[in-house]
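Protein chains in written order, with the UniProt record's numbering: chain A, 1 to 394; chain Z, 1 to 394.
Be aware that a few hints might be false.
Under 10 angstroms between C-beta atoms, here's a sample of chain A residues computed to sit facing chain Z [what the hints assert, rightly or not]:
| hint | residue |
| --- | --- |
| 1 | A25 |
| 2 | G28 |
| 3 | W49 |
| 4 | V53 |
| 5 | E85 |
| 6 | L88 |
| 7 | H89 |
| 8 | D93 |
| 9 | K133 |
| 10 | V197 |
| 11 | D227 |
| 12 | A312 |
| 13 | G313 |
| 14 | P330 |
| 15 | C382 |
I should point out that these hints are in silico values taken from the structure, not numbers from a laboratory. Quick reminder that beta carbons are idealized off the backbone N, C-alpha and C, glycines included.
There are 2 protein chains.
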Amino acid sequence: MDQGRAPFSRAEYDRRLALVRAQMATRGIDALFVEDPSNMAWLTGYDGWSFYVHQGVILTHEGEPLWWGRAMDANGARRTAWIDEESLHAYPDRFVQSTERHPMQHLAALLKELGFERARIGVEMENYYFSAKAYVTLLKELPDADLVDATALVNWQRAVKSGEEIAFMRKAARISEKIVDGIFERAEPGLAKNELVAEIYRDAIRGVGDDWGDYPAIVPMVPSGADASAPHITWNGDRLREEQATFFEVAGVYRRYHVPLCRTVYLGELPEEMRLASDALVEGLEAGLVAARAGNRACDIAQALGGVLEKAGIKRGARCGYPIGLSYPPDWGERTISLRAEDDTVLEPGMTFHFMPGLWMDTWGIEITESILIRENGPAECFCDRPRGVWVKD
Amino acid sequence: MDQGRAPFSRAEYDRRLALVRAQMATRGIDALFVEDPSNMAWLTGYDGWSFYVHQGVILTHEGEPLWWGRAMDANGARRTAWIDEESLHAYPDRFVQSTERHPMQHLAALLKELGFERARIGVEMENYYFSAKAYVTLLKELPDADLVDATALVNWQRAVKSGEEIAFMRKAARISEKIVDGIFERAEPGLAKNELVAEIYRDAIRGVGDDWGDYPAIVPMVPSGADASAPHITWNGDRLREEQATFFEVAGVYRRYHVPLCRTVYLGELPEEMRLASDALVEGLEAGLVAARAGNRACDIAQALGGVLEKAGIKRGARCGYPIGLSYPPDWGERTISLRAEDDTVLEPGMTFHFMPGLWMDTWGIEITESILIRENGPAECFCDRPRGVWVKD
């Protein structure tokens, strides 16, 4: 093996392989096919914007993980992953977006060659990149194999971060702070939103010192006024206006590790209704941070927040957070735990979440959030250190 | 119906609906479920970064398309799509990334309610957002329906652009030109790649005049030297160096419409091997543009390019282009036609392609590409007007 440019130590990758293999053994899985690009990168270091075609990592109980993908991307694997040349398996370009053949035919042939024709093979049934057609094709091509649902098997192993990962997230956090500082400094009536987003991107990618910024798995969302009633509107050329709140959902990213940080800016004098909501949100966040401690459950955070908001007469229907770390588009969440009433996952030291209680009302919205780390003892640590409450610029 | 902020005229949306419905009728499809965010936007105008959860558009043979998605995103549909309030159907947040329930259970119930329990329903089997689990869940929940593969049914209707769409692409092209001009101006030995990408993003999002820039469906790829042997490496903090080629795969985007434009910058004196490759590539592009005319086939473009490259001793294994237009991550291609030997799709006026003959050699790579429009007569028109050949900066 050649460490190459993979971002982490070999010991760190060994730790990850051991975790996943233990879980595979528990579930009786002989070979795991991982198409999620975040899982691929977490296991092998592979990094590239090639996930718009089928590719994946095959993990068995022995040896290195195998990279499988489009022929032209094998060079990318050689340059970014820690695995050896013999661990690379490429399919020809004629399989790409073809109406006549499917890359999974190639994968099935490879799995047979590797001796998994009658094996129990795990696939990520609920994933952006493992399509319905991919599944149906594999089923057909491997009639004697047992394809089992291994959705999020790897994602769950990512939940508790190592020291090396937390160090990356602290670098990302400095970038997040730089982004929101830039927003507050520049926001003013008349400034076009795309002009502001242009500066957000510039700050984010320049990074901080030698820590260059990577692209976020979700683009900035910066809705103003009534648009902020919708949580996922991106931007346009409209100008910021007085007497409007704009929320900024952004994340600093260091080598694919995300630390989201959302703040809301109000230009003018904050209306009473929003001030009360902002105060309740801040109080709810603080209550949530106290509940976010090892041994408590995911739902305890949600309930601590919900209790405060309810007292203020605010009802939120949505979950208030999710795990974060290494990610590729279209989501910077890990899609495992959800901070909500029905999730009783026990919190462990090293878990990291975006604690994200956005308020999307009928005619306005505000977001004030923290990315947090569960500690050995005591309340969660916030990765960033910026004032909460709506930021008012008069 | 309320035109709202949808970017196109009602006549344009009617044109689109008629095209899709005609194709549905040909295939005997009663209801089409479209999860591809590009297809959703093309039909309804819906725009938002919400595609990381299940959502879609249901199109039947009568009335408006129906938007279906997460409750918190209904406000986004209200603000961006041209459809009426009665056409919005939302599912509760407890379906989001749950291990206990799947949004497709909600969709199935809705389809039953709409009378499609025993209907022939088209689904996009090969798509990033319609997961294997989504398919299996729908199958189970709609045992009496006939789920048929409608992959790219809508995408194919998008191939020929309307005048309104081409106008958007011309705006995007001005942004593309601005981006590559900025790259050439700034590239110099010692400049960190992330610093250059920060400026690329800034130029791209500031846009040109009142035409604000939107985010690209693929982030900039800017590999240098041997990294350029891999087509999909993004960026890092390395510095540009003398005697190295860096290619820039970028796109200007106006309201989700993409015009990719790739150029290669060499800092120093161009080595003979690269000069010959650059010359062959430019000649091949020119031959391809002449072949890219209405009545010819997709393969004719590939063969015209391939003939020139072969004479120069260059063998390319990959396709050399794909259709472009409206897109969301992770791909700015439309995933229908491919410019390659086996694709005999007949070219029609109004079709738009990224003619993309990248050369990824063992120790270097160059990309020189054009986004093109098939005209009524004569060779294709290039959307951008910038010199070809490797751009040398000494």
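So, going through the hints one by one against the coordinates:
Look at A25(A): its Cβ only gets to about 21 angstroms from chain Z, farther than 10 angstroms, so that hint breaks. A distance limit of 10 angstroms between C-beta atoms decides the matter here; for G28(A) the minimum to chain Z is near 19 angstroms, and the interface restraint is violated. Taking 10 angstroms as the C-beta cut-off, the interface hint given for W49(A) holds, the closest approach to chain Z being about 5 angstroms. Because the closest C-beta pair between V53(A) and chain Z is about 8 angstroms apart, less than 10 angstroms, the hint holds.
Because the closest C-beta pair between E85(A) and chain Z is about 13 angstroms apart, greater than 10 angstroms, the hint is violated. Given the 10 angstroms rule on beta carbons, the hint for L88(A) is violated: about 12 angstroms separates it from the nearest Cβ of chain Z. Taking 10 angstroms as the C-beta cut-off, the interface hint given for H89(A) is violated, the closest approach to chain Z being about 16 angstroms. A least Cβ separation of about 4 angstroms between D93(A) and chain Z falls short of the 10 angstroms threshold, and the interface hint therefore holds.
Taken as an interface hint, K133(A) checks out: its beta carbon lies about 4 angstroms from the nearest beta carbon of chain Z, inside 10 angstroms. The restraint placing V197(A) at the interface with chain Z holds, with a minimum CB-CB distance near 5 angstroms, inside the 10 angstroms limit. A least Cβ separation of about 6 angstroms between D227(A) and chain Z falls short of the 10 angstroms threshold, and the interface hint therefore holds. Among the interface hints, the one on A312(A) is violated; its C-beta lies about 20 angstroms from the nearest C-beta in chain Z, farther than the 10 angstroms criterion.
This hint is violated: G313(A) has a C-beta 19 angstroms from the nearest C-beta of chain Z, more than the 10 angstroms allowed. At about 4 angstroms, the closest approach between the beta carbon of P330(A) and any beta carbon in chain Z falls short of 10 angstroms, and the interface hint on this residue holds. At about 24 angstroms, the closest approach between the beta carbon of C382(A) and any beta carbon in chain Z exceeds 10 angstroms, and the interface hint on this residue is violated.
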